[in-house]
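K.L.:
If you read the protein sequences in the order shown, they are chains U and P.
Everything in the first sequence is counted per our numbering, starting at 15 for the first residue and increasing by one.
Everything in the second sequence is counted per our numbering, starting at 208 for the first residue and increasing by one.
Simulated from the structure, these hints should not be mistaken for laboratory data.
Check the hints yourself; a few may be wrong.
Derived list of chain U stretches under chain P, where covered just means 3 residues or more per stretch with a C-beta under 8 Å from a C-beta of chain P [as the list claims (entries may be wrong)]: (1) 47-59; (2) 68-82; (3) 144-156; (4) 185-194; (5) 290-297.
The C-beta atom is built at its ideal place from N, Cα and C for all residues, glycine as well.
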Amino acid sequence: MARTLGSVGWLARRLVGMVLVWLLVSILSFSLGALAPGDPAQVMLLRRTGDAPSEVEVRQLRHELGLDRPFATRYASWLGAAAQGDFGRSFRTGQPVVGELRSRFMATLQLAVAALIIGLVIAVPLAVISAATRDTAFDHAARLAALVGVSMPGYLLGYLLMLLFAVTLGILPVSGAGGVRHLILPAFALGLGAAASVTRMLRANLLDELGTDYVRTARAKGLSGFLALIRHALRNALNPLVTVSALRFGRLLGEAVIVETVFAWPGIGRWMVESIYDRDYPAIQGFVLYIATIFVVVNLVVDLWYRVLDPRVRLGAAASSR
Amino acid sequence: MIVAIGADESPLALNRERLGRYPVNAGICEPLVRLAADFTITPALAVRWENRDGGAVRFTLRHGVTFSDGTPFDARAVVHTLAQSARTRAEYSFLSDSSAQVIDDSTVDIRPERVNRRLVEQLVHPTYGIFAPGSDPAVRPLCTGAFRLAEYVAHDHLTVVPNARYRGVPAKLDTLTFRFIPDETTRTLALRSGEVDMIVDVGRSSAAALAHAAGMRVVTPPPGAVIVMYMNLNGAGRYATLRDATLRRAIAMAIDRPTLVKSVLGGGRTSVVATVNPPSVLGQYATMVHGIAFDPDGARRLLGGRRHPLSLIVQGGPIDRATVEYVQAQLAAVGFDVAIDQLDAAAFETRLNSGAFDIDLELPNQNDANPAFLLALRWYSRSNTRSAHFTHGSARFDSLVEVALGATSDDDARRAAAEAMHQLVDVEVGALPLAGISRIYAMNDRVRGFVPHPSRLNQDWSATWLAR
Numbered sequence: 015m016a017r018t019l020g021s022v023g024w025l026a027r028r029l030v031g032m033v034l035v036w037l038l039v040s041i042l043s044f045s046l047g048a049l050a051p052g053d054p055a056q057v058m059l060l061r062r063t064g065d066a067p068s069e070v071e072v073r074q075l076r077h078e079l080g081l082d083r084p085f086a087t088r089y090a091s092w093l094g095a096a097a098q099g100d101f102g103r104s105f106r107t108g109q110p111v112v113g114e115l116r117s118r119f120m121a122t123l124q125l126a127v128a129a130l131i132i133g134l135v136i137a138v139p140l141a142v143i144s145a146a147t148r149d150t151a152f153d154h155a156a157r158l159a160a161l162v163g164v165s166m167p168g169y170l171l172g173y174l175l176m177l178l179f180a181v182t183l184g185i186l187p188v189s190g191a192g193g194v195r196h197l198i199l200p201a202f203a204l205g206l207g208a209a210a211s212v213t214r215m216l217r218a219n220l221l222d223e224l225g226t227d228y229v230r231t232a233r234a235k236g237l238s239g240f241l242a243l244i245r246h247a248l249r250n251a252l253n254p255l256v257t258v259s260a261l262r263f264g265r266l267l268g269e270a271v272i273v274e275t276v277f278a279w280p281g282i283g284r285w286m287v288e289s290i291y292d293r294d295y296p297a298i299q300g301f302v303l304y305i306a307t308i309f310v311v312v313n314l315v316v317d318l319w320y321r322v323l324d325p326r327v328r329l330g331a332a333a334s335s336r
Numbered sequence: 208m209i210v211a212i213g214a215d216e217s218p219l220a221l222n223r224e225r226l227g228r229y230p231v232n233a234g235i236c237e238p239l240v241r242l243a244a245d246f247t248i249t250p251a252l253a254v255r256w257e258n259r260d261g262g263a264v265r266f267t268l269r270h271g272v273t274f275s276d277g278t279p280f281d282a283r284a285v286v287h288t289l290a291q292s293a294r295t296r297a298e299y300s301f302l303s304d305s306s307a308q309v310i311d312d313s314t315v316d317i318r319p320e321r322v323n324r325r326l327v328e329q330l331v332h333p334t335y336g337i338f339a340p341g342s343d344p345a346v347r348p349l350c351t352g353a354f355r356l357a358e359y360v361a362h363d364h365l366t367v368v369p370n371a372r373y374r375g376v377p378a379k380l381d382t383l384t385f386r387f388i389p390d391e392t393t394r395t396l397a398l399r400s401g402e403v404d405m406i407v408d409v410g411r412s413s414a415a416a417l418a419h420a421a422g423m424r425v426v427t428p429p430p431g432a433v434i435v436m437y438m439n440l441n442g443a444g445r446y447a448t449l450r451d452a453t454l455r456r457a458i459a460m461a462i463d464r465p466t467l468v469k470s471v472l473g474g475g476r477t478s479v480v481a482t483v484n485p486p487s488v489l490g491q492y493a494t495m496v497h498g499i500a501f502d503p504d505g506a507r508r509l510l511g512g513r514r515h516p517l518s519l520i521v522q523g524g525p526i527d528r529a530t531v532e533y534v535q536a537q538l539a540a541v542g543f544d545v546a547i548d549q550l551d552a553a554a555f556e557t558r559l560n561s562g563a564f565d566i567d568l569e570l571p572n573q574n575d576a577n578p579a580f581l582l583a584l585r586w587y588s589r590s591n592t593r594s595a596h597f598t599h600g601s602a603r604f605d606s607l608v609e610v611a612l613g614a615t616s617d618d619d620a621r622r623a624a625a626e627a628m629h630q631l632v633d634v635e636v637g638a639l640p641l642a643g644i645s646r647i648y649a650m651n652d653r654v655r656g657f658v659p660h661p662s663r664l665n666q667d668w669s670a671t672w673l674a675r
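Build out the structure end to end from the sequences listed, making use of the hints.
P.N.:
This is the structure:
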């Protein structure tokens, strides 16, 4: 009973925290938009025609967009609508921001999920073999590859992949969207960096676990080194992997901005870059809140998952709530 | 054929009714008049035009023209299109939604709200491309051009196919697809992989590599734009430095423009120019503008050994960092300490419109035949743009611009514009043209018949074809 109450209290605190984070992010994003140099009306008119707009045109559009109202009034009305899921209409397109976010986010989600899968599929076996063959040539090569992968910017990796698979081998398209073939290169460009960092982290965790008493006991009872690693060390080393993967997923959404531009992938990152350049405040605020919400929710899910996976976390929380 | 372009789709997102016309002119719609490669006007849907009393222009329309769905083209389409264009933007053409009037099926009078003798030269812009009344230009523009819209997928591509009812020589391509690939390196790799047949807006280093690659060709038209250094002639406070004409002249004397063109901008069709827009816009009168010769010792003498801090603003993208740093180094050599602010479009416009700069480096494109367009927009004291408060020239310059704007013949307009430009560049040193810039195209050797137009918005694709 006490444990259940502790869990409910923990969840309630997290949900209240989520709302506070959400509010803070909304104030920050709205303030930054107001403080950033640049007038959306000016930019929109310039982009529409290619010519410098007149003062009259700019004034008129500022009024139409409500930009001539005081900051607090604008924020209050926006917040009220946002709380009901309405982020307003994009200055650039006149379309509801929620609709644009949804359509663009699916493309980014597709890319980020593919990248995460690639990252894990490469990282887990590589880390296991590397840990099992510590200080061999394979281990050194894997560590070097991971170091290169962590250090290399996604866009550079993207160009190298294009050069190899599209220009030299001619087996994959350079850019655009339109099927699984188009997804492969951007997903690898994004996922290899994730693979590298997960490999390094998992290998280090595995080596720590291999040095613990329970693994030594398992070995003393006749289990081979490889089986001890797979059956015992890996299970415990996977716990932090859940956290890292979730945080990595959030980072992938951010890194997608560059990869989407390089690969002309029609995702949320490219849309965001265009929105920032055009000072499309409703779109920027919608994006920031959307991403913040995803981060907060993913973190909550990870924490919940941790409580399921690791009884120590659950018991620790219950003990602290007493 | 697939053409990869880096065009920013924002203008289309902001104004979907210009689909296929701006910022990508896919040859779907034709204006009344067309811009030739030498920046003169040639007939398109209008066969002739004449100035009428009260500032009106009478256009006689071409007979026997139909839209791509078979509907006949007539004067009502012109009135409909211009009324719609006026609702979107009329600040510089002075058109209102009642400016165009049907005289008969093949005759239209256009009378701007204010006398605008440069109207015909402005109507070459593709945004004045005529579409059929009743059609929705934002979804399916029905026009009379060599191509018709087949498909537009936002953020990905725009495809056109030949218009079987086109009045002229049919387009030679089966399909023409413009793919939006914003990153220049990706565009180059797409060309090398064979994914696209042509790329537009190639960077200078990529162009040099592609020119030597097997099966590739690099093509450039004559300059269609000029890198111009705008000076803050009327700034206040810390931005009042260049009110002093002596300092402006010293700046102009400090920059070795031939070396800039040859060593930094890579030569080719890039050229040293003395005019603020492509010299061919002024025709034979371009030679009236001389430019100020490179004379660093003279510049130092003018400065008298004193050093002056200057603020230079530039937008990231159109002008590369090497050019900006070259300018900075040249000015430093004579006594100007230049702080560079490379800004995005929004921040740049804010600085420009608040006069918070000494020097503004820009690359304006010439997309119509009006020789006084840029002069009237940026340096004319009665311009309705905010930045002209800071860059406008003298009363003498204003009067010359007014002569150019009011000239009834193209020749008179060119001569007056050249005189105004001479006043601006040589006498007042309110602007310093650095180099004439050409758009660079690269293509595989299957692309034939492509003739690049100096104006980026007036490219004709109908004669281009793809060898099997």
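K.L.:
With reference to the structure, classify each hint as holding or not holding.
P.N.:
Verification of the hints:
Figure legend: the region 47-59 of chain U, annotated as covered by chain P; annotation consistent (8 residues with Cβ-Cβ distances under 8 Å, at least 3 required). Residues of the region 68-82 of chain U lying with their CB closer than 8 Å to a CB of chain P number 5, which satisfies the three-residue condition for coverage. A count of 0 residues in the region 144-156 of chain U with a Cβ less than 8 Å from any Cβ of chain P is obtained; the coverage claim is therefore unmet, three being the minimum. Proximity of the region 185-194 of chain U to chain P, defined as three or more residues with a beta carbon under 8 Å from a beta carbon of that chain, is established by the 6 residues found.
Coverage of the region 290-297 of chain U by chain P holds [criterion: at least 3 residues with CB-CB distance below 8 Å; count 4].
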